[in-house]
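Enquirer: The hints should help you fit chain L onto chain V, whose structure is shown.
Protein chains: 2
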Amino acid sequence: MIESKENKKIKYIKRLRENKFMKEEKKFVVEGDHLVKEAYSAGILLETFSVKEVSYGVLNNLITNNIMANISTLKSKPDVIAICKFMDENEKLGDKIIILDNVQDPGNIGTIIRSARAFNINNVVLGLNCASKYNDKLIRASEGMIFKQSVLIKELKYFIPYLKGLGYDVYGTDVSDGIDIRKVSKKRKIALVMGNEGSGVSSDVKALLDKNVYIKTSSDCESLNVAAAASILMYEVAKGDE
Amino acid sequence: MIESKENKKIKYIKRLRENKFMKEEKKFVVEGDHLVKEAYSAGILLETFSVKEVSYGVLNNLITNNIMANISTLKSKPDVIAICKFMDENEKLGDKIIILDNVQDPGNIGTIIRSARAFNINNVVLGLNCASKYNDKLIRASEGMIFKQSVLIKELKYFIPYLKGLGYDVYGTDVSDGIDIRKVSKKRKIALVMGNEGSGVSSDVKALLDKNVYIKTSSDCESLNVAAAASILMYEVAKGDE
Numbered sequence: 384m385i386e387s388k389e390n391k392k393i394k395y396i397k398r399l400r401e402n403k404f405m406k407e408e409k410k411f412v413v414e415g416d417h418l419v420k421e422a423y424s425a426g427i428l429l430e431t432f433s434v435k436e437v438s439y440g441v442l443n444n445l446i447t448n449n450i451m452a453n454i455s456t457l458k459s460k461p462d463v464i465a466i467c468k469f470m471d472e473n474e475k476l477g478d479k480i481i482i483l484d485n486v487q488d489p490g491n492i493g494t495i496i497r498s499a500r501a502f503n504i505n506n507v508v509l510g511l512n513c514a515s516k517y518n519d520k521l522i523r524a525s526e527g528m529i530f531k532q533s534v535l536i537k538e539l540k541y542f543i544p545y546l547k548g549l550g551y552d553v554y555g556t557d558v559s560d561g562i563d564i565r566k567v568s569k570k571r572k573i574a575l576v577m578g579n580e581g582s583g584v585s586s587d588v589k590a591l592l593d594k595n596v597y598i599k600t601s602s603d604c605e606s607l608n609v610a611a612a613a614s615i616l617m618y619e620v621a622k623g624d625e
Numbered sequence: 384m385i386e387s388k389e390n391k392k393i394k395y396i397k398r399l400r401e402n403k404f405m406k407e408e409k410k411f412v413v414e415g416d417h418l419v420k421e422a423y424s425a426g427i428l429l430e431t432f433s434v435k436e437v438s439y440g441v442l443n444n445l446i447t448n449n450i451m452a453n454i455s456t457l458k459s460k461p462d463v464i465a466i467c468k469f470m471d472e473n474e475k476l477g478d479k480i481i482i483l484d485n486v487q488d489p490g491n492i493g494t495i496i497r498s499a500r501a502f503n504i505n506n507v508v509l510g511l512n513c514a515s516k517y518n519d520k521l522i523r524a525s526e527g528m529i530f531k532q533s534v535l536i537k538e539l540k541y542f543i544p545y546l547k548g549l550g551y552d553v554y555g556t557d558v559s560d561g562i563d564i565r566k567v568s569k570k571r572k573i574a575l576v577m578g579n580e581g582s583g584v585s586s587d588v589k590a591l592l593d594k595n596v597y598i599k600t601s602s603d604c605e606s607l608n609v610a611a612a613a614s615i616l617m618y619e620v621a622k623g624d625e
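For the record, the sequence lines run as chains V and L. Numbered by this note's numbering, the letters in the first sequence go through residues 384 to 625 in order. Numbered by this note's numbering, the letters in the second sequence go through residues 384 to 625 in order.
Looking at chain V on its own, in the form it has when it is part of the complex:
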């Protein structure tokens, strides 16, 4: 039973909350039975920490409730926390791709990953300027779909031209300038680029794109939350041509 905050393993799991350390170690933390099970199914579970006996088939460390309160970032403390290794991503590109350029809110990215899985989008691509893929809020917002969805990290200034070379229609998104998403041919290979919550698609990325799609909205409120907009666009893509 680990009772001390000074325990080496406890210090280690807490440091894994730091972005830089997480990347160096190629490990991240998940909390709660649901996500720990999903991580186990994905084959990336390394070690668990729990307040009561559990058996996930990896080394478990029993810890006190105080230690759990110390290492958990959740308001209502879970029974189990786990260290996982970064996923080996399947780099295979499918016909439907969503690209996030400088999306900063981990909750938005997680929600988009969840909707992407729901609408059979093959790949979610995060630009280098997005929030970290392994951010704990992102993983929770994805409802575990981060473990089932291809999520790639790419430098967009190279990746977008590469996609165009492969014959993808790469669309930017704009509140009104462009083609109504309902009119876009869904039979082709499509990549949609969603931009930052405040400022939209960055000018560097815009310069790489020939066309935009938009969602028809009222003039009272032309812009939507980025995860809401992405979900509607992916829903339309999944629906196919009308």
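The set of hints was computed from the structure by calculation and includes no laboratory data. Quick reminder that beta carbons are idealized off the backbone N, C-alpha and C, glycines included. A few of these clues could be false.
As the list claims (entries may be wrong) - When the alpha-carbon atoms are kept at most 27 Å apart in a straight line, the in silico DSSO-like pairs for lysine-lysine are as follows:
| no. | chain 1 | residue 1 | chain 2 | residue 2 |
| --- | --- | --- | --- | --- |
| 1 | L | K599 | V | K475 |
| 2 | V | K391 | V | K406 |
| 3 | L | K403 | L | K458 |
| 4 | L | K406 | V | K570 |
| 5 | V | K531 | V | K397 |
| 6 | L | K458 | V | K460 |
| 7 | L | K435 | L | K392 |
| 8 | V | K570 | L | K566 |
| 9 | V | K622 | L | K569 |
| 10 | V | K599 | L | K475 |
| 11 | L | K599 | V | K531 |
| 12 | L | K406 | L | K458 |
| 13 | L | K570 | V | K566 |
| 14 | L | K622 | V | K599 |
| 15 | L | K397 | V | K594 |
| 16 | V | K394 | V | K406 |
| 17 | V | K458 | L | K403 |
| 18 | L | K458 | V | K458 |
| 19 | V | K397 | V | K475 |
| 20 | L | K468 | V | K569 |
| 21 | L | K397 | L | K468 |
| 22 | L | K458 | L | K394 |
| 23 | V | K520 | L | K458 |
| 24 | V | K540 | V | K569 |
| 25 | L | K475 | L | K458 |
| 26 | V | K410 | V | K435 |
| 27 | V | K599 | L | K572 |
| 28 | V | K458 | L | K397 |
| 29 | L | K566 | V | K566 |
| 30 | V | K397 | L | K458 |
| 31 | L | K599 | V | K569 |
| 32 | L | K622 | V | K566 |
| 33 | L | K547 | L | K520 |
| 34 | V | K435 | V | K475 |
To be verified - With beta-carbon atoms standing in for the labels, derived distance ranges:
| no. | chain 1 | residue 1 | chain 2 | residue 2 | range |
| --- | --- | --- | --- | --- | --- |
| 35 | L | E605 | V | K572 | 24 to 30 Å |
| 36 | V | E538 | L | Q487 | 34 to 40 Å |
| 37 | V | K570 | L | H417 | 38 to 44 Å |
What the hints assert, rightly or not - Examples of chain V residues lying across from chain L (beta carbon under 8 Å, computed):
| no. | residue |
| --- | --- |
| 38 | G490 |
| 39 | R500 |
| 40 | N608 |
Expert: Then chain L, alone, in the frame of chain V:
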């Protein structure tokens, strides 16, 4: 220039963060130039607090940066914070209504209000068990649409039968059981009920409903984030019959 945390007004604005006090006083707080302007346009601005001269046409109190850091809940501190009075809601019901039953995340509710305005939904109705309409995160997530959208608070066990009496089709939402939203007649008076993030529509409310709608998704991921799902449903309602 107010410099002391012990100043009566400073203590007052901080207490307005408490749900109970906010309701008693029928006042709430907004932060940042964008929302303060929207509150002004809505005619509910009472008094501002700022670190530099501003002129919103109401009493302004100059405060130090330290005091701003003390009363603001934002990471990056705004130049201005305001006290507003609760809005007088237009109780007039339109043909398209979205009802939230026990939706707890203020960000989700704010996002839904924003999408509701974008898709010309007449009324957003919050059950008594939802997060507070005047929660600061909700207001920020709504991007100021809280000031432009009818948002009513109702006891759903009375309000839903009332709507049915008025001839509305009141639909629950379920991951798969029900009618595909694309097949629902949009010409009729429609109310959609969205449920809690974890547990969906509550059993009490379900008992009042005759039918559900669903969004077609992959079997890998049947459930969507509630704001994403609501946005897609409202988008379909706005689109009309196919």
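Enquirer: Each hint: holds or not?
Expert: Here is what the structure says about each hint:
1. L/K599 - V/K475: Answer holds: L/K599 to V/K475 is near 25 Å, not above 27 Å.
2. V/K391 - V/K406: It holds: about 19 Å lies between the C-alpha atoms, which stays within 27 Å.
3. L/K403 - L/K458: Distance ~24 Å between L/K403 and L/K458 Cα, so the pair holds.
4. L/K406 - V/K570: violated, 53 Å
5. V/K531 - V/K397: holds, 26 Å
6. L/K458 - V/K460: holds, 25 Å
7. L/K435 - L/K392: Holds, because 17 Å separates the two Cα atoms, which is no more than 27 Å.
8. V/K570 - L/K566: Given pair V/K570, L/K566 holds - Cα atoms ~23 Å apart, limit 27 Å.
9. V/K622 - L/K569: Holds, at roughly 18 Å.
10. V/K599 - L/K475: holds, 25 Å
11. L/K599 - V/K531: holds, 19 Å
12. L/K406 - L/K458: With Cα atoms ~25 Å apart, L/K406 and L/K458 stay inside 27 Å; holds.
13. L/K570 - V/K566: Holds: L/K570 and V/K566 sit about 23 Å apart, inside 27 Å.
14. L/K622 - V/K599: Roughly 9 Å separates the two Cα atoms, so the pair holds.
15. L/K397 - V/K594: Given that 27 Å is the threshold and the Cα spacing comes to 48 Å, the pair is violated.
16. V/K394 - V/K406: holds, 17 Å
17. V/K458 - L/K403: holds, 21 Å
18. L/K458 - V/K458: Measuring from Cα to Cα gives roughly 19 Å; hence the hint holds.
19. V/K397 - V/K475: Measuring from Cα to Cα gives roughly 34 Å; hence the hint is violated.
20. L/K468 - V/K569: At roughly 48 Å apart (the allowed maximum being 27 Å), V/K569 and L/K468 break the hint.
21. L/K397 - L/K468: Answer holds: L/K397 to L/K468 is near 15 Å, not above 27 Å.
22. L/K458 - L/K394: Holds, at roughly 20 Å.
23. V/K520 - L/K458: This hinted pair holds, its Cα atoms lying about 17 Å apart.
24. V/K540 - V/K569: Answer holds: V/K540 to V/K569 is near 24 Å, not above 27 Å.
25. L/K475 - L/K458: Violated, at about 38 Å.
26. V/K410 - V/K435: holds, 24 Å
27. V/K599 - L/K572: Judged against 27 Å, a Cα distance of about 21 Å means the pair holds.
28. V/K458 - L/K397: The given pair, whose Cα atoms are some 22 Å apart, holds under the 27 Å limit.
29. L/K566 - V/K566: holds, 20 Å
30. V/K397 - L/K458: Holds, at about 22 Å.
31. L/K599 - V/K569: Holds, because 17 Å separates the two Cα atoms, which is no more than 27 Å.
32. L/K622 - V/K566: holds, 13 Å
33. L/K547 - L/K520: violated, 32 Å
34. V/K435 - V/K475: Distance ~40 Å between V/K435 and V/K475 Cα, so the pair is violated.
35. L/E605 - V/K572: 24 to 30 Å: Holds, since L/E605 and V/K572 (Cβ atoms, about 26 Å apart) stay within the stated range.
36. V/E538 - L/Q487: 34 to 40 Å: The hint (34 to 40 Å, Cβ to Cβ) holds, given that V/E538 and L/Q487 are roughly 38 Å apart.
37. V/K570 - L/H417: 38 to 44 Å: holds, 41 Å
38. G490: Interface hint status for V/G490: holds (7 Å vs cutoff 8 Å).
39. R500: Status holds, d = 4 Å.
40. N608: Because about 4 Å separates V/N608 from the closest Cβ in chain L, which is inside the 8 Å limit, the hint holds.
Violated hints, in rising order: 4, 15, 19, 20, 25, 33 and 34; the structure is consistent with all others.
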